[in-house]
Amino acid sequence: MKTTIKASHIAVGTELTNGQTLNTNSHFIASFLQKKGVINYYHLVVDDDRERIKQCLDLACETSDWVFIYGGLGPTSDDFTRHVVSEWTNVSLSLHQETWNYIQGYLAQRNYPVREFQIQQAYFPENATIMKNSKGTAHGFTFPWKKKQFFVLPGPPKEIQSICENFLYDYITKNTQNIDRWETEVWNTLGLGESEVANKIEPILKKANIKNDELVVGYRIHLPYVEVKLSCFNSQIEKFSEVFNQVDNTLKPLLVYKKEAPFKKNFFEFFKTHLSVEIQDEICQTLIFDDIKNWTHSLPSFKIRFSNYISFSQEINLIKINRIDEWKIQLTVKFSDISRTSVIEYTSVKLLPPERQILFLKEMIIIKLNEWFIGSAV
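FYI, the numbering for the sequence shown is 14 to 391, going by our numbering.
The set of hints was computed from the structure by calculation and includes no laboratory data.
Every residue, glycine too, gets a C-beta built ideally from N, C-alpha and C.
Mixed in with the good hints there might be a few duds.
So the derived label-pair ranges between C-beta atoms look like this [to be verified]:
1. Y184 - L35: 19 to 27 Å
2. E227 - N262: 17 to 25 Å
3. Y184 - E328: 50 to 58 Å
4. K363 - L72: 47 to 55 Å
5. N335 - V230: 39 to 47 Å
6. Q117 - L35: 26 to 34 Å
For lysine-lysine, the following BS3-like pairs were computed, each having C-alpha atoms within a straight-line distance of at most 27 Å [to be verified]:
7. K224 - K19
8. K252 - K242
9. K333 - K242
10. K49 - K375
11. K224 - K49
12. K375 - K272
13. K220 - K49
14. K271 - K242
15. K272 - K220
16. K272 - K19
17. K306 - K333
18. K242 - K277
19. K333 - K278
20. K219 - K242
21. K272 - K224
22. K48 - K145
23. K265 - K219
24. K242 - K375
25. K381 - K277
26. K252 - K48
27. K213 - K272
28. K159 - K48
29. K15 - K252
30. K242 - K272
Input sequences plus hints: build the corresponding full structure.
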């Protein structure tokens, strides 16, 4: 029987708990773990207090196989994460001379003085594997303890990125190849609110008589979309295949895309060979202009212009959006290889607040443009 892996995350630092700095590290690592089939349980943020860090370790280790700890590996007196972990696990620290040599060389190359107290960054649990950090002096480390695996990492995001590239990505990938993966199927729907979408899904789940959280449902609003998620272990997918099929068929009329929105990639590819566009939009303000500008900002030769009125320009490389009546708009595109016009009706959202109506309409336009530019990606 394949094993599962559950992970928890502890971010250490008073700068996090007082709101001075955002905790992006655990978000970054958890996202990668999720793609590898690991279940993320706790995300804990704690100030620079030894006892409270130990309380977080108590909680994380109650439920998790892998525990990731971020921050507190620097050279100063408030950087004591390694010492707290050592005390909590009763695993002693020892000097790693190669790391101390690296720290001294790293500082000397940059004309920084080497202080004796900086040697604390070269102490690691005796059975630890050192995760090299090429962007600073704080190497991370990982070590096993009572069927748990600890991963202790520095706080600066660029340094964690370095450790991921040098070690952690490969470690996670290698050690998740043969697990019973936690899999998630995602549907991103457009046109109904969260409660109405749930009203279509919950009867399917109720009829399936699911027990013990074998299959977990989740809903998330990211306007104007409602996301539906079904999650279970890979070993249970066949058991719940009929549920997945029913949800798939039920949501098909509302479905825009599954796991990841295709628009950024598709628009970028299109505008790599269409290096200018004028957007004439009298309805959506700059919403469509902003999306296309964000998706193409790394194209140095791309030019984009916007106007909030419709002209009678005969130029190509044009996207034009004008109103026909209260609930209908006309979308027109003109490029050297594409000339299309479509009428989009949006009476289905007339009961929504005006700002949500505009978001819905904007997304309908983006979907149609995606279809014309690249072909449907659903």
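Right, here's what the structure says about each hint:
1. Y184 - L35: 19 to 27 Å: holds (26 Å)
2. E227 - N262: 17 to 25 Å: At 21 Å between Cβs, range holds.
3. Y184 - E328: 50 to 58 Å: At roughly 54 Å between Cβ atoms, E328 and Y184 fall inside 50 to 58 Å, so the hint holds.
4. K363 - L72: 47 to 55 Å: holds (48 Å)
5. N335 - V230: 39 to 47 Å: Since N335 and V230 have Cβ atoms about 41 Å apart, the given range 39 to 47 Å holds.
6. Q117 - L35: 26 to 34 Å: holds (33 Å)
7. K224 - K19: holds (20 Å)
8. K252 - K242: Satisfied, since the Cα-Cα distance of roughly 17 Å is no more than 27 Å.
9. K333 - K242: violated (36 Å)
10. K49 - K375: violated (34 Å)
11. K224 - K49: Between K224 and K49 the Cα gap is close to 25 Å, so the pair holds against 27 Å.
12. K375 - K272: Given that 27 Å is the threshold and the Cα spacing comes to 20 Å, the pair holds.
13. K220 - K49: Between K220 and K49 the Cα gap is close to 30 Å, so the pair fails against 27 Å, i.e. violated.
14. K271 - K242: holds (10 Å)
15. K272 - K220: holds (26 Å)
16. K272 - K19: holds (22 Å)
17. K306 - K333: It holds: about 16 Å lies between the C-alpha atoms, which stays within 27 Å.
18. K242 - K277: holds (22 Å)
19. K333 - K278: holds (22 Å)
20. K219 - K242: holds (16 Å)
21. K272 - K224: With a Cα-Cα distance of about 26 Å, the restraint between K272 and K224 holds, given a limit of 27 Å.
22. K48 - K145: holds (24 Å)
23. K265 - K219: holds (20 Å)
24. K242 - K375: Distance ~24 Å between K242 and K375 Cα, so the pair holds.
25. K381 - K277: holds (14 Å)
26. K252 - K48: holds (22 Å)
27. K213 - K272: It holds: about 20 Å lies between the C-alpha atoms, which stays within 27 Å.
28. K159 - K48: The hint holds at about 26 Å.
29. K15 - K252: At roughly 16 Å apart (the allowed maximum being 27 Å), K252 and K15 satisfy the hint.
30. K242 - K272: holds (9 Å)
Violated hints for the displayed structure, listed by number in ascending order: 9, 10 and 13.
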